[in-house]
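Trainee: Please arrange chain B on chain A, whose structure you already have, making use of the hints.
Chain by chain, the residues:
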Amino acid sequence: MSEGVHHNTETTGKQVCLSTGIEFSVSSGSTAARSALEQIISALQPLKLDIEETSTVEIVLAEVVNNIVEHSYGDLEGPITIRFSHHHDGLHVAITDQGCVMPDGRTPIGQLQPRDVDVDDLPEGGFGWFLIQDLAKDVLYQRVGNENQLHLRIAVAYGHSH
Amino acid sequence: MELAVKTEGDFCVVTVEEPRIDAAVAVAFKEAVRNGTQNAESQVVLNLTQVNFIDSSGLGAIVATMKHLAPERKLILAGLTPAVDKVFRLTRMDSVFPTYMTLEDALRV
Numbered sequence: 000m001s002e003g004v005h006h007n008t009e010t011t012g013k014q015v016c017l018s019t020g021i022e023f024s025v026s027s028g029s030t031a032a033r034s035a036l037e038q039i040i041s042a043l044q045p046l047k048l049d050i051e052e053t054s055t056v057e058i059v060l061a062e063v064v065n066n067i068v069e070h071s072y073g074d075l076e077g078p079i080t081i082r083f084s085h086h087h088d089g090l091h092v093a094i095t096d097q098g099c100v101m102p103d104g105r106t107p108i109g110q111l112q113p114r115d116v117d118v119d120d121l122p123e124g125g126f127g128w129f130l131i132q133d134l135a136k137d138v139l140y141q142r143v144g145n146e147n148q149l150h151l152r153i154a155v156a157y158g159h160s161h
Numbered sequence: 000m001e002l003a004v005k006t007e008g009d010f011c012v013v014t015v016e017e018p019r020i021d022a023a024v025a026v027a028f029k030e031a032v033r034n035g036t037q038n039a040e041s042q043v044v045l046n047l048t049q050v051n052f053i054d055s056s057g058l059g060a061i062v063a064t065m066k067h068l069a070p071e072r073k074l075i076l077a078g079l080t081p082a083v084d085k086v087f088r089l090t091r092m093d094s095v096f097p098t099y100m101t102l103e104d105a106l107r108v
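Top to bottom, those sequences are chains A and B. According to numbering that gives the first Met the number 0, the first sequence holds residues 0 to 161 in order. According to numbering that gives the first Met the number 0, the second sequence holds residues 0 to 108 in order.
Read the hints as simulated data drawn from the structure, not as lab findings. Mixed in with the good hints, there may be bad ones.
Partner residues aside, some chain A positions facing chain B, computed with beta carbon under 8 Å [claimed, not checked]:
id, residue
1, Thr30
2, Ser54
3, Asn65
4, Asp119
If you want a taste of the chain A side facing chain B, the calculated C-beta under 7 Å gives, among others [as the list claims (entries may be wrong)]:
id, residue
5, Arg33
6, Lys47
7, Ile50
8, Glu123
9, Gly124
Even glycine gets a Cβ: it sits at the ideal position worked out from N, Cα and C.
Next up, chain A with everything else stripped away, as it sits in the complex (with noise of 0.2 Å):
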């Protein structure tokens, strides 16, 4: 009976912090994404999400952290923070790090390349801006400081009241 008590609590204690908001932070690195999928997913267990929209949510965040490590920090180590709360549009999720500044200043178009070339000039990256645009919503992209920030939104969980 205790037991059941407890999960209750912190069942609520979690719905409470998505509607306000949830952040953590994970070093940059080849695991960064993982780690920090992990715990995305995780704290987004109280909205049951199914397996179509948790997998929308994965490749989105995969794919921003992804590129943070990659192009915005290089080799160097850095934070990248998150953070998210649950709306009744969906997920807000704001993403910042202390790497370098976009190329121009802006977010890739993320434009798919042809695929109807020979097999050696197939394209084997230029899918993650693509995948990014096409599956979020509102992507907006600012350098503060000496910081990026990248907010958009992710529409699942449609209408889910807390």
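Mentor: Quick look at chain B alone, frame taken from chain A:
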């Protein structure tokens, strides 16, 4: 990167025994598949039944593998789980690879 390689008739079947092909393992994946398919004949089937997540690095690694095997050998994908299928579909890379729902389907062709 855990892979199981075996020969089934004319096919070299490479089963990925990991849940994710992402940035953390993309390079290891490419190397492991190259090593595992050194003696492969004309067709290589990549069995992705156990993979439940792939990111753009993983997708790039699979494309690189296809290029490495070409032109003598063809890369066929089998057992795409929903999240993996989604990445191939969204990037339209599903049009580049022959893909089959199950390993059995791939081997029947």
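Trainee: Which of the numbered hints above does this structure break?
Mentor: 6
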